[in-house]
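Visitor: Sequence lines, in order, name chains A and B. The first sequence begins at 164 in the numbering used here and counts up by one. The second sequence begins at 193 in the numbering used here and counts up by one.
Calculated directly from the structure, the hints in this document are not laboratory data. Just to be clear, a hint being listed does not mean it is correct.
[Claimed, not checked] Computed far set for chain A versus chain B, every beta-carbon distance over 12 Å:
| hint | residue |
| --- | --- |
| 1 | Ala167 |
| 2 | Ala179 |
| 3 | Arg196 |
| 4 | Gly197 |
| 5 | Arg234 |
| 6 | Trp239 |
| 7 | Ala243 |
| 8 | Ser259 |
| 9 | Met263 |
| 10 | Ala323 |
| 11 | Val326 |
[Unchecked claim] Counterexamples of contact, computed for chain A against chain B with all Cβ distances above 10 Å:
| hint | residue |
| --- | --- |
| 12 | Ala222 |
| 13 | Gly233 |
| 14 | Ala345 |
| 15 | Met354 |
[Stated by the list, open to error] Computed footprint of chain A on chain B, listed as stretches where at least three residues anywhere in the stretch have a Cβ under 8 Å from a Cβ of chain A:
| hint | segment |
| --- | --- |
| 16 | 277-289 |
| 17 | 301-314 |
Cβ coordinates follow ideal geometry from the N, Cα and C atoms, glycine included.
Listed below are the residues making up each chain.
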Amino acid sequence: MRLARVVSIWALLAAALGVPIALSFTSELLEWRGPVYIIAGLAGMIALGLALVQPLLIAGYLPALAGYRGRRVHHWVGGALVVAVLIHVGGLWITSPPDMIDALTYTSPTPFSPWGVTAMWAIFAVAFLALFRRRLGLRTWRIVHMALAVVIVSGSVVHAMLVEGTMETISKAALCALVVVAAIKVIVDLMQRKTRPMRSSSDGP
Amino acid sequence: MNLVVLNRRNLLAASGCALAAGVSALVLPARAQGVAPTASMSGGANNYRKGAPVVERIGKGGFWMTGTVRRAGDGAPLAGQRVQIWAHTVEGQEHEPQSHGATLTDKNGVFRLEMPQIIPIFGQPHGHLAYDSGEFKSVFLRPVMRSAKDKSLEAHFVLQPA
């Protein structure tokens, strides 16, 4: 791959994740938030960013991280996603326990909460099932993971878009759009690939 | 010949009558009962502190919380009712004591309390109000502001005897 292409792909990814997070630090809401609440919000943004990285990794779209290496990193980023969600939920719990209990029990008045909580359970389910993916069989695992990925992506994106928080609206919408486009692209690619014989050349050690 | 013809016109007329009868059956008893009591909103009681003091103003003010308190049934205004108000504002978080205050309704059942600017918390700019004095059933409200830039918010109580 040409160096210019490699550099531009990584630069675009860095911007897609970095710009919304950087702009969130200019939010005036931060002035009235404690450190735990700020960290909880940041963890949510990082989780959304990782939801963009995950499909790119598994499909091998990221230069130097194609094939086996990309899949290894995908596993680690999946673990990081779980940690980010735990920090997000834990931080919000500390900030206002009754609001978090409402959200987790699906009784919250806020329309975005059920989307986020559903995406959270789907993320935990993927992480748990990933440990047993060999026993599940590759075919079953792929179908289950893909179905849960659809839940994760749609849940996270709707959750993020409905929240009125520190994220700047346009950069948030752009990141959400990228998350959706990346997920659709990778799912379509994988489904098409399945109809053809197993790949070999691009998948070397 | 009493032949009932089941064509489209007859069917429409018949269903129209049935609908009218059904709807009026639903509406009429409600009218007989008069003004229905307000139900508590989900999450309305979150971070509530019982017994917040009656104050002239919460903190430095700049934002107005207004509303009315009426009696269920006849809708009569209720004077002297204590309404507690709290929110996440520029002067404190929802659970902190300085974010809480109470006020009393006037002879028209109207209350109005100045408080600091409400800002979004947990993804929505919203306030909390409670009627929790015992004479009537407790009601906890959680109105959401149309815009985080709004300078006022209102909420209305219709109370029923405890």
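Visitor: To test your reading of the hints: which numbers does this structure violate?
Guide: Hints 3, 4, 8, 9, 10, 11 contradicted; others consistent.
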